[in-house]
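Visitor: The chain contents come next:
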Amino acid sequence: MTDLFPFLQAAADTAGAYHAFPVIGSRAATWIAAEVHLMFAAFVLGVPMFAVITEAVGIFTKDERYRERYDRLSKEFTRLLLVAYSATAIWGAVLVFFLTTLYPRFWNHMTEIFQLSMWIYVGLFFVESFTLYLYYYGWDRWNKGRAKYWHWTLGILLNVWGTAVMLIANGWLTYMMSPPAGVTAQTLPSEVGLWNAIANATWMPINIHRLIANAVFGGSIVAAYAAYRFLAARTDEERAHYDWMGYVGNFVAISTFIVLPFAGYWLGREFYEYNQQLGITMMGGFMSWLWILQAFLIGVLFLAGNYYLWIGMGRIPGAERYRPYTKWLLIILILGVIVWSTPHTMIASRQELEAMGGSHHPFLGVLGVMSAKNTAVNLMILTTFLSFLFYRRANKRPVAPWAKQGMLAQWIMFAIAAMVVLFFGVYGYFVSAIVRIGFSVYQVLAVLTTIVVVTTLDIFLLRGAESRGEIRWGQMPERSQYALFILAVTFTWLMGLMGFARSGIRQHWHVFEVMRDTSPDAVTPALGYASIMISVCVLIFLGLVSFIFWLSELGTKPAEAHAPAAPAPGAGPATAPAPGD
Amino acid sequence: MWRTNLKIVGLVVAVLGLYTLVANSIPQLQSELPQAVELSGDVTPEQLVAAGERIYNGAGGCTACHGLGTRAPNLLTDEGGTGTIGARCGSRVAGMSCKDYLYQSLTEPAVHVVEGYQPIMQDMRRTLPADQIWAVIAFLESQGGTIDVTADDVRSAQQPSGGGGAAPPAGATASLDPREIMTANGCLGCHKLGDQGAAVGPPFDGMGGRLTSDFIRTSILNPGAAIARGYEAMAGVMPPTFGQQLTAGQLEAVVSFLSSQR
Chain A
1 MTDLFPFLQA AADTAGAYHA FPVIGSRAAT WIAAEVHLMF AAFVLGVPMF AVITEAVGIF
61 TKDERYRERY DRLSKEFTRL LLVAYSATAI WGAVLVFFLT TLYPRFWNHM TEIFQLSMWI
121 YVGLFFVESF TLYLYYYGWD RWNKGRAKYW HWTLGILLNV WGTAVMLIAN GWLTYMMSPP
181 AGVTAQTLPS EVGLWNAIAN ATWMPINIHR LIANAVFGGS IVAAYAAYRF LAARTDEERA
241 HYDWMGYVGN FVAISTFIVL PFAGYWLGRE FYEYNQQLGI TMMGGFMSWL WILQAFLIGV
301 LFLAGNYYLW IGMGRIPGAE RYRPYTKWLL IILILGVIVW STPHTMIASR QELEAMGGSH
361 HPFLGVLGVM SAKNTAVNLM ILTTFLSFLF YRRANKRPVA PWAKQGMLAQ WIMFAIAAMV
421 VLFFGVYGYF VSAIVRIGFS VYQVLAVLTT IVVVTTLDIF LLRGAESRGE IRWGQMPERS
481 QYALFILAVT FTWLMGLMGF ARSGIRQHWH VFEVMRDTSP DAVTPALGYA SIMISVCVLI
541 FLGLVSFIFW LSELGTKPAE AHAPAAPAPG AGPATAPAPG D
Chain B
1001 MWRTNLKIVG LVVAVLGLYT LVANSIPQLQ SELPQAVELS GDVTPEQLVA AGERIYNGAG
1061 GCTACHGLGT RAPNLLTDEG GTGTIGARCG SRVAGMSCKD YLYQSLTEPA VHVVEGYQPI
1121 MQDMRRTLPA DQIWAVIAFL ESQGGTIDVT ADDVRSAQQP SGGGGAAPPA GATASLDPRE
1181 IMTANGCLGC HKLGDQGAAV GPPFDGMGGR LTSDFIRTSI LNPGAAIARG YEAMAGVMPP
1241 TFGQQLTAGQ LEAVVSFLSS QR
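As they're listed, the protein sequences go chains A and B. Sequential numbering from 1 applies to the first sequence in this note's numbering. Sequential numbering from 1001 applies to the second sequence in this note's numbering.
So here's chain A without its partners, still in its complex pose (with noise of 0.2 Å):
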């Protein structure tokens, strides 16, 4: 009778549970809409969070020079959010419409166990709308004295309102992926609990999940658009305050995307626990080969993210005793890139099997595995950092009593991390897989530790440091901004590419062994198909985002003429913190 089960679902299925889309399809159509919304709603939920950062950065800072210039950074953040809004919520009502027109049987059974959850989300995505608009328009009437902290406040619970919304909405996706254990193809949706449902085994590993990526796409996207106005820009002032803002927007959207491979493996570990079938239809199955794009999507992140800051290094005096080091960690990046994304235990037909003379490559057999991979990624991680640490420290010269030993203890840390997570990586070859499986924890507490502590050095370190002169804000090759093209523009293909792998690993089921896709869709497309949608998402989603730009510039552009010039590069801009100063 249970083998049966599906095939009786099936062939009980009506006319009435499917309508088809012209020309695209109703699983394309659905598709671009839920993940244009998706896009536009992690930018309004992403954007928001150091906007309000940012803001607290200006009212908190003793430097007047600078309180300014963050408060104006802050605000540019949340006028980009206002048109964003409106497009989040359209293709939130067209993704509505497409799931209660195309699947209706699919929409009763979610909407019988989630309705409540429902009203609540509407009103609090009302509230949201009313306090973005509050938080905007009341930004220069609220904007001295204890007027300011109010101000402040309603950015935070700007954040609030939105962190919730994804809550709920969350509760809704992952019920699909996984439902609670005694709901089944016999339960009636009305005898479905709202709690139960929405605390799934994967609820809140997506909710930490998607906290860090928005704030990573948030980011990315903030910075490319930095990067247009420094491309448009006309005045010196204006490219300073542009290449300013593309810093910061980078080195929010890079250092969030470090720890989010963490969040992501904590994500499939539930999925492995909640049923071994999803998590190896996700990390082995037909999705196998979704993670070797993954990882050269990631390699042209890190090498992007890491050529910005090479280039950035041009504009700061003093940068120059770092540069013979650049190859060195050049030829890291792509060491790693290259083992990374080498496939292993891929799925193989019996002629691939027999060419190869084995389940694998013997070439790839050694470099494809986890310890390989795993030892990769976390020097990749270990080269970003010291990235980083160089362009900080480009211009300063300690003056602490203690600089060279601090400087010596910072090195040391580096080759002890390097070191560990080299000696696991080779000691995982000799070691059952369960075992190796514990190796990674310790590599990657070994990177951690090391960012965490270097870091802490720096800061006492640097206090006081001597200039070797100003950041020269603005003096970047327009190259530069190029790469904060792509990074976004990978950054977004990205998170499509993600959410066809959380969503795919349903397969044939709308609600995971509880409601079966009997549509003509119910395939789960392979990876060339995904692409191609992936890309016509992400080609939307940025052409409605350069159109709200446009937008918003346009609408600033008589404020702006009369407004008074920013300061110069020497005074202004040019003198503002690296985050993490």
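Do not rely on the hints blindly, as some may be mistaken.
Derived DEER-like restraints, expressed as beta-carbon distance ranges [to be verified]:
(1) A:N196 with B:G1116: 33 to 41 Å
(2) A:L335 with B:S1040: 35 to 43 Å
(3) A:N196 with B:S1025: 17 to 25 Å
(4) B:G1230 with A:W402: 44 to 52 Å
(5) A:R269 with B:R1262: 28 to 36 Å
(6) B:E1180 with A:I24: 33 to 41 Å
(7) B:E1038 with A:G123: 29 to 37 Å
(8) A:E112 with B:E1038: 30 to 38 Å
(9) A:G16 with B:S1040: 29 to 37 Å
These aren't lab readings, by the way, just hints derived from the structure by calculation. Glycine included, C-beta positions come from ideal geometry on N, C-alpha and C.
Got chain A sorted already, so can you dock chain B onto it with the hints?
Guide: Here is chain B on its own, set in the frame of chain A:
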């Protein structure tokens, strides 16, 4: 400015094109839908092998683990010098024919876990009808061995009683004997009970003295809810599907049996 705009658009399109090109250049695999494979009562061995190969590569989901060299033994290629599955299946268990060995491996996988691997395979009767299991066996036998699955096996599997073919999973039987239920569901593949079972999960011996009935019930229905100390590395191995496999009566029979183990 238009030149800059064009440069940016060109760059964006080139990056998207590159990623799309790379994604289309690697092997294209899509998930397969479970489909009913029609097998008539007078099916030939060749037809059985062909059907078995389709199921093996598709709806059976076998390739998710077999053939990767890490999660499960290779079947179509050599495994540790013992040859392909058709060549080695007859000598895996003394006195057991290849056909019987493969049948039991598919329907009670916990009984024959190959050394060095985890007992993660499920009872294939949960996903494949009985006649399709025989088709898969025929395909596996064809990998270096002799095909002795016949149309009779398929015919008897297609009988309503399933006599001689694959029996329905334990969850569908009416048995309320806890030992029988636990054996049929492969519990002893991981838990020790007396001199039976393996030490992958916490032992059943003395379980009633260590855990309450409610805790045991929750752990069966949702194995990830709490992981016993010392077994953290095995988290995720136990399938969370017993709530669907067992009837309420069977679940209670197992819970009360385990609670009585002191």
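Visitor: So, for every hint listed, does it hold in this structure?
Guide: Here's how the hints hold up against the structure:
no.: 1; hint: A:N196 with B:G1116: 33 to 41 Å; verdict: holds (39 Å)
no.: 2; hint: A:L335 with B:S1040: 35 to 43 Å; verdict: violated (57 Å)
no.: 3; hint: A:N196 with B:S1025: 17 to 25 Å; verdict: violated (44 Å)
no.: 4; hint: B:G1230 with A:W402: 44 to 52 Å; verdict: holds (46 Å)
no.: 5; hint: A:R269 with B:R1262: 28 to 36 Å; verdict: holds (34 Å)
no.: 6; hint: B:E1180 with A:I24: 33 to 41 Å; verdict: violated (53 Å)
no.: 7; hint: B:E1038 with A:G123: 29 to 37 Å; verdict: violated (53 Å)
no.: 8; hint: A:E112 with B:E1038: 30 to 38 Å; verdict: holds (37 Å)
no.: 9; hint: A:G16 with B:S1040: 29 to 37 Å; verdict: holds (35 Å)
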